[in-house]
Amino acid sequence: MRDPEILRWWKRRFDLFERFDEGIQMDRESWYSVTPEEIARNQAKTCTCDLMVDAYAGAGGNSIQFARTCGFVIGIDNRLDRLTGIFTPNTRVYGVSSRVDCVCGDVTRILRALRTDACVDTVFMSPPWGGPTYPHHRPLPPGSASWNKRRRRQHIIAEMRAAKDDGVYDLAANIPSLTEAIVAARGLFPARPRIAVYLPRNCALGQVLKLGWTGENLESVEGREEVVVEDYWVRGRRLAICAYIGQFESADS
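Mapping the sequence shown onto this note's numbering, position 238 (from 1) lands on 274, and the numbers just tick up by one.
If you're looking for bench data, these hints aren't it; they were derived computationally from the structure. Note that this is a predicted model, so its numbers are computed, not measured. Hints may contain errors.
Between beta-carbon pairs, the in silico distance windows are [stated by the list, open to error]:
1. 142 to 208: 15 to 21 Å
2. 186 to 269: 26 to 32 Å
3. 49 to 149: 21 to 27 Å
4. 215 to 186: 45 to 51 Å
5. 213 to 120: 19 to 25 Å
6. 55 to 223: 19 to 25 Å
7. 39 to 125: 30 to 36 Å
8. 46 to 86: 23 to 29 Å
9. 64 to 131: 24 to 30 Å
10. 116 to 272: 19 to 25 Å
11. 213 to 104: 25 to 31 Å
12. 223 to 50: 25 to 31 Å
13. 117 to 190: 24 to 30 Å
We put the beta carbon where it would ideally sit given N, CA and C, even for glycine.
The task is simple: from the sequences and hints, build the whole structure.
In structure tokens form, the structure reads like this:
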């Protein structure tokens, strides 16, 4: 492993895929974008359903685990070479290729093209965060769990309006296409949605909660879906969060 930027991920390769030495394929982007297997396994338990759509499927880390808990998985990625040379071979390593299919194209366009009666049960999204050098900002203020209702409300509204360069990962600036993709995904559900979004650990809390909203009125509760945020730690390190939007009965905050 000669690339110094990839070396730190190489040392954690068995965190990414526990069966790495059995033929797992990776490209450079996959090293810093694959969901660690322990986390993906936990997400798969929460997202158990009949038909799962794994947007931004990449090297297949999440799709493999979804195939173990769901009836069938559709993986979406915008690179055909990754789907044929990395995603598909990796599903074979784990013996789930018969329960997974892949589609190449833009996530938002594909979600819009799916029929509204396509019986999709859950949509999972792990959008690109900005590469290995994405901003590593400070976490939420210590003691925020004990804030009173008024202080928490003020903090959330302030972050919703604009996450300034004060140590918070700005979703709107770093993943501008995410909101549009979520809107497209919500169109697949006749009633309450089931959308899970895997995000950097230091996201602005207000922006994360706003992913479950359909309107811009900060004072109105109409159109708001419940958003449950899970915190993920591996080997004592806080790695990421996942926002579960809508009807997830087993997601824990």
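Q.
Hint by hint, where does the structure go against what was stated? Just the numbers, ascending.
A. Of the numbered hints, 3, 4, 6, 7, 8, 10, 12 and 13 do not hold.
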